[in-house]
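The listed protein sequences correspond, in order, to chains A and B. Using my numbering, read the first sequence as starting at 1015 and increasing by one per residue. Using my numbering, read the second sequence as starting at 1015 and increasing by one per residue.
Since the hints were derived computationally from the structure, they do not count as laboratory data. Do not take every clue at face value.
One copy or two, either will do: identical chains are not told apart, so a pair holds if it fits within one copy or between any two.
In silico BS3-like pairs for lysine-lysine, Cα to Cα no more than 30 Å straight-line [unchecked claim]:
1. 1024 / 1079
2. 1079 / 1127
3. 1127 / 1075
4. 1084 / 1024
5. 1196 / 1084
6. 1024 / 1110
7. 1197 / 1079
8. 1127 / 1102
2 protein chains.
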Amino acid sequence: MIIDLTHTLKTGISVYPDSPEPVFTESATFEQQGWSEIHISMCTHVGTHIDAPSHMIPGAKSLDKFELDKFIGSAMVINCSGLPEITKNFLSEYEKQITSVDFVLFYTGWQHKWSTPEYLSFFPTLTCEAAQWLAVFNLKGIGFDNLSVDAIGNEQPNHITFLEEEILIIENLTNLDMLIGKKFELTCLPLKIENSDGSPVRAFANIPLPLMR
Amino acid sequence: MIIDLTHTLKTGISVYPDSPEPVFTESATFEQQGWSEIHISMCTHVGTHIDAPSHMIPGAKSLDKFELDKFIGSAMVINCSGLPEITKNFLSEYEKQITSVDFVLFYTGWQHKWSTPEYLSFFPTLTCEAAQWLAVFNLKGIGFDNLSVDAIGNEQPNHITFLEEEILIIENLTNLDMLIGKKFELTCLPLKIENSDGSPVRAFANIPLPLMR
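Same shape as in the complex, but just chain A:
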């Protein structure tokens, strides 16, 4: 079964404070050109997207420099709904499972607030201690159904912690509630933009069907 984990890109979606909204305009119409075409104006960190190391660390690896299998792997979702923050103590209960996957995704419930003003406030993030603990695992990436791995502000310590280890950060995922307690394959494909510090993605979960008897 395939589950789409991607928010639809359109005007009016939640964006990081002070970031420009994406704009989609008709660049060709049936009436004028005989076909339909849209022009896209957006930043690399809009919608469901990946942060590359080069987003936060000068000289670090950009997204186009990773092999494609960096964006595909086994994954799990940790249910963090109701938590004010995600602590090392809470995560340590999942240590064995985290060891066995390529991606750890966090369900906080914020996916349901997408494109409302509430999406930008009070979303739970990892404590710095939890981020440092998690960054030691051999992960391809981590992901969230909310805006950021750090609280909004000038300091981005958790971004640095993960990106220094080349652990990709996926933000603004959705439908994570459908994957709690399941092991699945995550495919999270960015555009292949030269020297890109990030990219909107199309992300999906593939839950293997039970083996035929």
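Fit chain B to the supplied structure of chain A, relying on the hints for placement.
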């Protein structure tokens, strides 16, 4: 083994005649904001991309309205290098194989001319008869390592033939030469843009065909 079938998006790549080139500009820098971010300005049919039915047919289905499994499936490459055009007679030799796949991709050799002036000229396309013959198969999509399923011009008969059947058209693929004679799984993910008539994609081949999906 995973093979990337996507051209890198950057300034100076081949675009359809009279279409605007994609533009990538720095919207944040380490010096000014403390992080790096790119702003993207491009049309939906830039680089390696999919055409949706709504690109050519008023009121037809846009790309965001398809289930995700429309973009994933078994695939084959037909070697058309050296042919001036792709005829029904030539294709009919592959009839049995075409029946067993979701996607048929065509290698014409034009991938090697990408981003040169030669890319825009004399690329082989399907004859109308071949397109009509192929559109009867139960395909999810067809794809090419060149610019278009029709010759450049106002008339787009092959686009209409396939899009009326909701057979997606993938253009500007690369690395198809590596897949001749192989059966593989194609994953070709567009962005999820509301009402989109097309989208740049990230496309890859997975050899051999995974056993479970």
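Comparing the hints with the structure gives:
1. For a Cα distance limit of 30 Å, the shortest separation of residue 1024 from residue 1079 qualifies both inside one copy, at 28 Å, and across copies, at 14 Å.
2. Taking the closest pair of Cα atoms, residue 1079 and residue 1127 come within 30 Å of each other only across two copies (22 Å); inside a single copy the shortest separation is 33 Å, beyond that limit.
3. When the C-alpha separation of residue 1127 and residue 1075 is checked against a cutoff of 30 Å, the pair qualifies only between copies, where the shortest distance is 28 Å, while the shortest distance within a copy is 32 Å.
4. Taking identical chains as interchangeable, the C-alpha atoms of residue 1084 and residue 1024 lie at most 30 Å apart whether they share a chain (27 Å) or sit on different chains (21 Å).
5. Both within a single protomer and between protomers do residue 1196 and residue 1084 lie at most 30 Å apart by alpha-carbon distance, with minima of 21 Å and 24 Å respectively.
6. For a Cα distance limit of 30 Å, the shortest separation of residue 1024 from residue 1110 qualifies neither inside one copy, at 39 Å, nor across copies, at 42 Å.
7. In this assembly of identical chains, residue 1197 and residue 1079 lie within 30 Å of each other by CA distance both inside one copy and across copies; the values are 28 Å within and 27 Å between.
8. For the homomeric pair residue 1127 and residue 1102, the shortest alpha-carbon distance inside one copy (26 Å) is at most 30 Å, but the shortest distance between copies (52 Å) is not.
The structure does not agree with numbered hint 6 stated previously, though it agrees with all others.
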